[in-house]
Structure formats: structure tokens, C-alpha cells
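> Read off the chains here:
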Amino acid sequence: MISARGISKVFNHGLPNEFAALHPVSLDVSLHETTVLKGPSGSGKTTLLGLMACMARPTSGRIFLNEREITSLPERFLTEIRRSTFGFIFQQFNLIKGLSALENVMIPAYPTGEKYSILRRRALESLEMFNLGQRADARIEWLSGGEAQRVAIARALINNPAIIIADEPTSHLDSIQSREFIDIMTDLKAKGRTIILASHDPIVYDSGLADRVVEMRDGRIANEIKSS
Amino acid sequence: MILHPGILALFLSSLLISLMTIYAASCGFMILRRWDIDSGSELQLALERRTCLISSIASYLLALQLLSLFLFIQTADSISHLFVGAMCAVGTLTVNSFGYPTLLLKVLNFILAGLWLILNHADNRGYDYPLIRAKYLLLLIMAPFILTETVVQCIYFTGLKPDIITSCCGTLFSQGSRGIASEILAIPTAPMKILFYSCMAATLAAGARLFLKGKGSYIFAIMSGVTFVISIASIISFISLYFYEMPSHHCPFCILQKEYGYVGYPLYALMSLGTITGLGVGLLQPFRKKETLGMIIPAIQRKLAAVSLFSFFIYTLIASWPILFSSFNLKG
Chain D
1 MISARGISKV FNHGLPNEFA ALHPVSLDVS LHETTVLKGP SGSGKTTLLG
51 LMACMARPTS GRIFLNEREI TSLPERFLTE IRRSTFGFIF QQFNLIKGLS
101 ALENVMIPAY PTGEKYSILR RRALESLEMF NLGQRADARI EWLSGGEAQR
151 VAIARALINN PAIIIADEPT SHLDSIQSRE FIDIMTDLKA KGRTIILASH
201 DPIVYDSGLA DRVVEMRDGR IANEIKSS
Chain H
1 MILHPGILAL FLSSLLISLM TIYAASCGFM ILRRWDIDSG SELQLALERR
51 TCLISSIASY LLALQLLSLF LFIQTADSIS HLFVGAMCAV GTLTVNSFGY
101 PTLLLKVLNF ILAGLWLILN HADNRGYDYP LIRAKYLLLL IMAPFILTET
151 VVQCIYFTGL KPDIITSCCG TLFSQGSRGI ASEILAIPTA PMKILFYSCM
201 AATLAAGARL FLKGKGSYIF AIMSGVTFVI SIASIISFIS LYFYEMPSHH
251 CPFCILQKEY GYVGYPLYAL MSLGTITGLG VGLLQPFRKK ETLGMIIPAI
301 QRKLAAVSLF SFFIYTLIAS WPILFSSFNL KG
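Sequences listed follow chains D and H, in order.
If you read the first sequence in my numbering, its first letter stands for residue 1, the second for the next number, and so on.
If you read the second sequence in my numbering, its first letter stands for residue 1, the second for the next number, and so on.
Hints are computed from structural coordinates only; laboratory data are not their basis.
Some hints could be false.
What the hints assert, rightly or not - Restraint ranges, calculated between C-beta atoms of paired labels, are given here:
hint: 1; chain 1: H; residue 1: Arg133; chain 2: D; residue 2: Met55; range: 23 to 31 Å
hint: 2; chain 1: D; residue 1: Ala138; chain 2: H; residue 2: Phe310; range: 53 to 61 Å
hint: 3; chain 1: H; residue 1: Leu3; chain 2: D; residue 2: His23; range: 51 to 59 Å
Ideal placement from N, C-alpha and C gives every residue a C-beta, glycine not left out.
The following block holds chain D by itself, in its conformation from the complex:
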């Protein structure tokens, strides 16, 4: 379980342009479930997602991952947790142009020191799982939006993370591609992955994928709906 206890995030603290993106919020996310953070732009869902995934540190409050407190961890320990526990799918995909799809998928696993040939084989298998085997050597800029999205998912899965974090994953996809994304996520959920998504797309939060929808507004949790 990921448990956030009274976490807040203030940007430019103490400066004239200080901005509280997240007011003290508490939230428990169960493992093997899909949680969707829903809300308009500026509601704090991306900030909350980033904090829970150890991408940023809160201004106050603590986050526990399976009973282990993680916000106080020095960066070198946090990096290891981030690498081994979380797989990230970003709104803009954040794939590296100039590199091939295969190289992009392999990058997050380089620091683990895994043997190159084994890593390459795993990355290829991951791409083939998303029907991208023939596009493995294609540069990122040559891929369509849907293909880029699937490469981003393959990259998120390369370190075999228990938790998949996706921030506005369908914002650059059309409806058909968005539904394809939901199908992939549903398949991953069935395989036991925990999925946490931030989205204001009804295709995502109204889909059968979400076990729980947490509605956010003005940096606070406004409402919570539990399906099933």
C-alpha cells in the first residue's frame, strides 16, 4: 500500500510568487488496484502523483510504501526505490529523439548493470508485446502518436515495476488510441500491477479499468468514488 499522510507541496516557498499546489492531503492507495486521480488543470493531481511516485519531495507530510517511510530517504536510496518500484508514463511521453524505440525502452535499465544482450532481448520482447517489434529500430520521431505511447509503456515496464504511474496518458491520443491504452492497462492490471493515473479524460475515469476515482480540486481531495 502507498499511504500519504498529510502531504503538502508549496512551490517557491517564502517568495512573492509562492504557490500551494497541494494542501495537506491524506490518501491510501491499495496495491493491485487501479486508482485514477481526476480533476481539472491545476487541481494538484499531477503534483500528488509525482509525490507518491517519489519524483518530488513534499513540503510537509510523510509517504509510506508498504509501511516503509520514503520521504525522508536520501536521494541515493530513493533513486533505487523509484527505479525498481515505479514505471512512469508521462503526458508528453518524454521519449528521447534521435534514439530508436528499442534504445528508449532500454535506457531505464542501464543503471541496473544488467548484461546488454539480456537487456536487449527483454526490451525487444516488451516491444513485441505491444506489436512494435518491427519498429524497434525506428527513430522516435518517425513513430505515430499511438506507437510512441506504446513505446513509453514498454519503457515503463522494462524494470518490471510493481506500480505504474501515468500522468494524463491519453491527452495526446485520439479516442481509438485512448481505448487501446485502456485495454493495455487493463491487461497489465490483470497481471497484478498497481496502476495510478492522473487524468481528466472521461475515457479513462469512466472506463472499467478504474477501481477507485479520486476527484481533486484546488489542491485538495474533493470527492472519492469507489467502483465495484
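Following the hints, put chain H in place on chain D, whose structure we already have.
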């Protein structure tokens, strides 16, 4: 003179280290009073972020502090030709009354900085800042010495006047001189040799016991400290004589010069490394009971003991080389 590159580098490094120390000490004071890892308060989280930054900067600057001791000695040696009567660093250090106090402060801060780096290394291995209070307490203890060193060094360098007639090492390290040097020189070389080799053998034995069995940390630390003092005394008493091949020249600085193959630098570096790592073993001993360091500290102590053993052993080899193989002897 003040524009000498060595002096400028020493000024700059001392200034940087002092500024860092002031900031780190102020943060350390807050940590000692308010640190509470169980709290999720804004202050606690800010302290956690700040300590990571301070530790990183402090570790680089305190490594610079280690180097600055050697740079200070090298600079004092290299500008000796500017003073009438000076033959090596000894002459430069006696140009005014702040030379030796600066050197002593640098040696003291060298040891403290080394110990802090060891403590910081151990703290960084634990995920819950296990030595944070000890680390900042040591930094607070170091702060007045570091600041005093900067001030005394500044007074010393700004007070260097080339028209001053100073003393050479032959005067200061002769049996007719006054002070600690004369007392060391008054001891006959034979008992001093026995003392040096006995002390070194005991230290190496204590280190080997610690390395192999993990026992005797405090004994090894104490022995390392004692070895440091006896090693310096031995250099003045008899080791330097074999390098100079002169029965009356006891200067501990001339061995840093080209004529003697700069042998003083490895000698002093190995002696210092052996001492600091040896003392570090004892420094870490009380923290073995910390939950997150229970497995980590014994491994660090073992590595420190290995480095210390290696350093003292090589030091003894270098120091003994001319005693064993040169034609010079003190028996006659």
C-alpha cells in the same frame, strides 16, 4: 608575496571552508535542537533537504582542507628563498610568531576533517541519517578551529616581510635549541628506534587483529594516535638523519625538498592516512549499536583498518629503507 599562487590558493580555500563551516554550523545547531525523523513537519523536511546539500558541499571542502595542509607546507618551503637565513619551510614559519600556530591548527583541522569525512561516509550508508547528530556536533566542534585557522593564517601571510632575518632549521632543530624539538633531540636514537619499531609493531598487530577478528577497535585507535606522535618524534630524532646522511641535521621539513626526492610527502601522507583511518575505527565504534548501521559499520571499520595497516606498513618500509640499506650509520 601575498600574490604567490600557493598563498592565494590557501587564502581562497580557507575562505571557502570557513564560509561553508559557518553556514553548516548554523544548520547543525538547528539539527541538534530540532531534528525529529518521525515528524513530517515542514521544518523537518526542510532540514532533511538541507543536510543532503551541506553534507555534499562539506565533504568536498573538507577534502580540500586535507590538501591544504600539504599545500601550506609546500608553499612555506617554496618561498623560503625570499627570507634571509631561511633554508626550508622552518625559516618561513619562523618569520613571525603566527607560522607555527597556523601549522598546528592545520594539522589539528586535518585530523578533524578526516574524521568528519569518515563519519559522513558512514552516515551516508544508512537510510535514516543515523549519525546526523554526531556529524553536526563534530562540525560544531571543528568550526572555531577552522575559523581560527583562517584568521591566524591570514595574519601570518599578511605579516610576512622579506627584510626579516629568520632562523634556519639547523638552528631550530639542533641540540642547543629550546622547546619540544630539543627535548626530542635529547633522547638518544637507540631507545627512540626501539620505541618507534615497538609502537609500530604493536599498532600493526592491533590493526591485524581488528581486520581478522573484528576486535580491539579502541586499542587500535589509541595505538594509531600514539603512533602519529611517535612517528613525528622519530622523524626528528633519527629517520631524517638517514635521509640527509648527516648526524646533526634533524629538520623534519628538508625531507620535503627535491634534494631528498620529496620523500617527506609520501612519509607524511602515509603517516596521516594511517592515523586518521586508525582513529576513525575508534570513532565509529560507539555507533555499531545503531540499528541501520549494525552491519555497515563493521565493514567500514575493516576497510579503514586495512587502509591504516597498509599506510603504516609502507610508511615503516620507506622510513626503514635508508636505515637498512644506506652506508650511513649512527653507531659510530
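> Against this structure, judge whether each hint is valid.
For each hint, the structure was consulted:
The beta-carbon spacing between Arg133 (chain H) and Met55 (chain D), approximately 30 Å, falls within the hinted interval of 23 to 31 Å. Our hint of 53 to 61 Å for Ala138 (chain D) and Phe310 (chain H) holds, since their Cβ atoms are close to 54 Å apart. At about 57 Å, the CB distance of Leu3 (chain H) to His23 (chain D) agrees with the hint of 51 to 59 Å.
Consistency with the previously given hints is maintained throughout, with no hint failing.
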